[in-house]
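Asker: The lines below spell out each chain.
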Amino acid sequence: MAEEKKTEEGQEPVPAWQLFYDNIFLLLFLGIAIPTLVYTVWGLMEIVQIPELPVFKP
Amino acid sequence: MDYRICSLTGFKIHKTAEDLVKWNMVTAILFLTLGGFMGLLMALTRWPSVHYLDATHYYRFLTLHGFNALLLWILFFEIGLVYFTSAILLNTRVVAPFVGWIAYALMLVGAMFVNIVVFAGKADVLFTSYVPLKANGVYYLGIIIFAVGALTAFGHFFANIIQAKRDGAYKNTLPLGTFGLAAASIIGVFTLAHGAVIMIPVFFWSIDLIKYIDPGTYRLIFWALGHASQQINVCAMVAMWYMSAAFVLGANPVNEKLSRTAFVLYILFINIASEHHLLVDPIFSTWHKVVNTGYMMHLAVLASMIHAFAIPASMEVALRKKGYTKGLFDWLKNAPWGNPAFSATFLSIIGFGFLGGITGVIFGTEQFNIIRHNTFAITGHFHATVVSGTTVAFMGGTYLLIPYIFRREIILPRLAAFQPYLYAIGVAVMLIGMIAAGSYGVPRRHWDITFSSAIFPFSFDPSTDIFLSIMGVGGLLAVLGGVIFIIVSLGSIMFGRRTE
Amino acid sequence: MAIKEPERIWWKPYTRDERLWVAMALLWMMVSFVFMPVYHFIGAQNPPNETYRVGDKEKFRALVDGMVNKYKVGEEKGFPIVKPEPGSDVFVQASMWQWYPILELQQGKTYRIHLSSMDITHGFSIQPINMNFTVLPGYDYVVTLTPTTAGDYYIICNEYCGLGHHLMVGKMIVKQGGN
Ligand code: HEM
Ligand SMILES: [Cu+2]
Ligand SMILES: [Cu+2]
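If you read the sequences in order, they're chains A, B and C.
Residue numbering for the first sequence follows the working numbering, beginning at 16 and increasing consecutively.
Residue numbering for the second sequence follows the working numbering, beginning at 11 and increasing consecutively.
Residue numbering for the third sequence follows the working numbering, beginning at 14 and increasing consecutively.
Hints are computed from structural coordinates only; laboratory data are not their basis.
This one's a predicted model, so the numbers in the text were calculated from it and none came from an experiment.
Backbone N, C-alpha and C fix where the C-beta goes; we use that ideal spot for every residue, glycine too.
A portion of the hints provided could be inaccurate.
Said to hold, decoys possible - Under the rule of at most 30 Å between Cα atoms (straight-line distance), these lysine-lysine pairs were calculated in the BS3-like manner:
1) C/70 to B/331
2) B/332 to C/17
3) C/17 to B/343
4) B/32 to C/72
5) B/267 to B/332
6) B/144 to C/72
7) C/17 to B/132
8) B/175 to B/267
What the hints assert, rightly or not - To give an idea of the chain A side of the interface with chain C (calculated C-beta under 7 Å), a few residues:
9) 33
10) 34
11) 65
12) 71
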C-alpha cells in the first residue's frame, strides 16, 4: 500500500475530464436528472397547462 | 473463492458470474425463438398474397412479437452482459449473487404473466397498451414485476463495480466494455423507473381502483420506457462491438477518450429522443418537440458517428498489425469473415449505422414525421436498429461467448459462418420492403390494407403489393437465418465439444 | 483494450484523422439540427401546436352535432356530408371504428379541423397524401389545413384501436373553388 502511494506521487496529475468520465455515479445522477427535467418534467408541465376547450359559436 | 482461469482468454471466471451469464443468455435465446416465430406469422400475414392469420390472432401475436422479441430477448441478453462485464471482465466475483437470481426470477415470472395473459386472449393491446385501451390486470402486473426484476439487475451492476474497485479489480477506470454497460445500466435505471411510475397506476386503473389515467401523460411516460429502453440496446450493442473487436482481433480502441466521450454523450443526451414518438401528438409545444428531438438528440447521433469511426479504425489497426498492410483495403479483405462473431459485428455496424441511423435521423424530424408517423416505414426503421443492429450484434456475442462461458465449441461451423449473412440480408430486404410500402402510406399494425370490409373503399397504390411481397420474402430469409442461429447456439450449448 | 483497464492516463489529444472525422460529423449535425427549427418557420407543413382539454366528451360531441345540423349537404352510406364555411372551426370525431362526419372542403380555403376521440386513441391518417396525426380522447387537436388539390380523400386509422381497427375508414371530399 505504502509503496503504491509512492509511485502515485510525482506522476503527472490525472486530467479533470478523465476523473469526470471515471465517476460513474456522477454520470448516473446526470444521466437521470437531465432527461427527467428536459423531457418528463417539462412535458408534464405542458400537460397541466393545456387550456380548456373554449366556447365556439355554433 | 470458486473460480477457474479461462484457457482461451486468461480471464478469471467466478462460478457465480458464469452461472448468471449462462442462464440469462439461454433464457434470452428461448424468448427470441418465441418472438421470432411470431415474427414469421407477422410477415406471413402482412404479405398480401398470403395473409395468413385472422384479425384476432394477428393482433394477439403482434402483441407477443413486440413483447418477446423487443423486451425479453434483448433485456435478458443485456442482463447477461451486465454480469459478463461487471464481473468476468474485471476478473472478479458477483456481489451477493442471490440478488442476481432474484432479479432473474422476477423477470421470468413477469415475462410468463404477460405471455400467458396475452395468449389467453385477455390483453390484445399491443406492447404499447395506450390507455384507455384496457388489458387484464395480470398484463400490467407482469410488466411491473419484469421491470422491477430488470431494475434490480441493473442496480446489481453498480454494486458489482463498487465491490470490484474495493477488491482492487480495477484502479480508476473501467474497461471500455464495462463502461458501455455502465451507460446501458444508467439508461436502464431511468427507463425502468419511468416504467414503474406509469405502470403501477395503470395496474390499479385496470382493476378499477383508479378512475382515470390521462392518455397524454401515459404516452409521455410510456415512451420514456418504450423508447429509452432502445437506448439501453444501443449502448449494450456498441459495447458488444468493442468487445468483439477486442476478443476476435485483439483490437485496441484507437483513442479511449474519443470512444468514452461518445458513451458520455449517450448517457447525457440520448434519452430525450423519446420525444420522437410524440411529434404528431397533441399537447406538447413545438419547443418541447424541437429541443428534445432536435438540439440535444443530435449530440447522441454525433456519438454514434464517433463509434462508427472508432471501431472500424481499431479493426484496421489490429489487422494491419497482423501484417495485412498492402494497399488501402488489404486489411479488410483479410478480416476473419468466416468467424460469425466477427462478421455479425461488422454486419451489425453497417445495418445499424446505414439503414437504422439514416432512417432514424430523417423520420425523427418534426416535419417529415407527419408523413411517416405510424406507417410501415417506421417498422422498417426499427427493424434496422433493433434487429439488423442489436439482434445481429448479440448473435455475434453469443458465438463469441459460447466457448468462453459455456466452454463448448460451436457446432456446424460452416452453417454458423453463413448464418449472420443470411439473417442480416434477409432483415435488410424485409425492412427495405417495409420502408417502401410505408412511404405510400401503408400503416403498421394493420390487418387489412385492402379495406375489403370497411365502409368506404380505399386502396393503396398497387406497387405497395410488390413492396410488401419483398418484405415477405426478406422475412422468410431472416426467419431461416434465425432458425439456424437457434439450432447452432442452443445445439452448441447442449452438445458442442467441450473446450477444456 | 476494450476488455482491459486502460493505462493510468488515457485522456490524450486527438490525432489528425480523429479531429477530421469529428469535425465532419459535427458539421453534418449542425446542418440537420438547424434544419428543423428553420424549416419550422419557412416550411408549409408543420405539426400543429394548438390543443385544448376536453373535459366532458359530450361537449365535443355536441359541437360535432351542431356543425352537422347546420352544414349538412348530403349523405353517403349513412354518414352526413358536411360543407362548413371556409375559415371556420370544423369538428371531426373519432370512435371505434369510424370517422364522423364526411367533410366537403373547398380547394385553396383554410379550415381549422378539430380532432378528438370519444373512446380510445386513434390515428388520423389522410390518404393517399399520407399525413398523420394522433387523436386522443380528452384532448382536442386543432389542425389548420388548406387543401391544395381537389379529389376524394380517405381517412384511415393508423393507431391500433381494437379488433376493428382495420375497418375504420372515413372520407373527405375536396372540391374546386367556387362551386
Ligand atoms: C426474422 C425475424 C422477424 C420478422 C420476420 C419480423 C417481422 C415483423 C413484422 C412483419 C412486423 C410488423 C407487424 C405489423 O405492424 O403489422 C414486426 C413488428 C415488430 N417487430 Fe419484428 N420481425 C422479426 C424480428 C424481430 C426482432 C428480433 C425484434 C426485436 C428485437 C422485432 C421487433 C419488432 C417490434 C417491436 C415490432 C412492432 C410491434 C408493434 O407494432 O406493436 N422483430 N416484425
Ligand atoms: Cu381507430
Ligand atoms: Cu385504429
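Asker: Each hint needs a verdict: does it hold in this structure or not?
Answerer: Status of each hint after checking the structure:
no.	hint	result
1	C/70 to B/331	violated (70 Å)
2	B/332 to C/17	holds (20 Å)
3	C/17 to B/343	holds (28 Å)
4	B/32 to C/72	violated (58 Å)
5	B/267 to B/332	holds (25 Å)
6	B/144 to C/72	holds (24 Å)
7	C/17 to B/132	violated (49 Å)
8	B/175 to B/267	holds (21 Å)
9	33	holds (4 Å)
10	34	violated (9 Å)
11	65	holds (5 Å)
12	71	holds (5 Å)
The structure does not agree with the numbered hints 1, 4, 7 and 10 stated previously, though it agrees with the rest.
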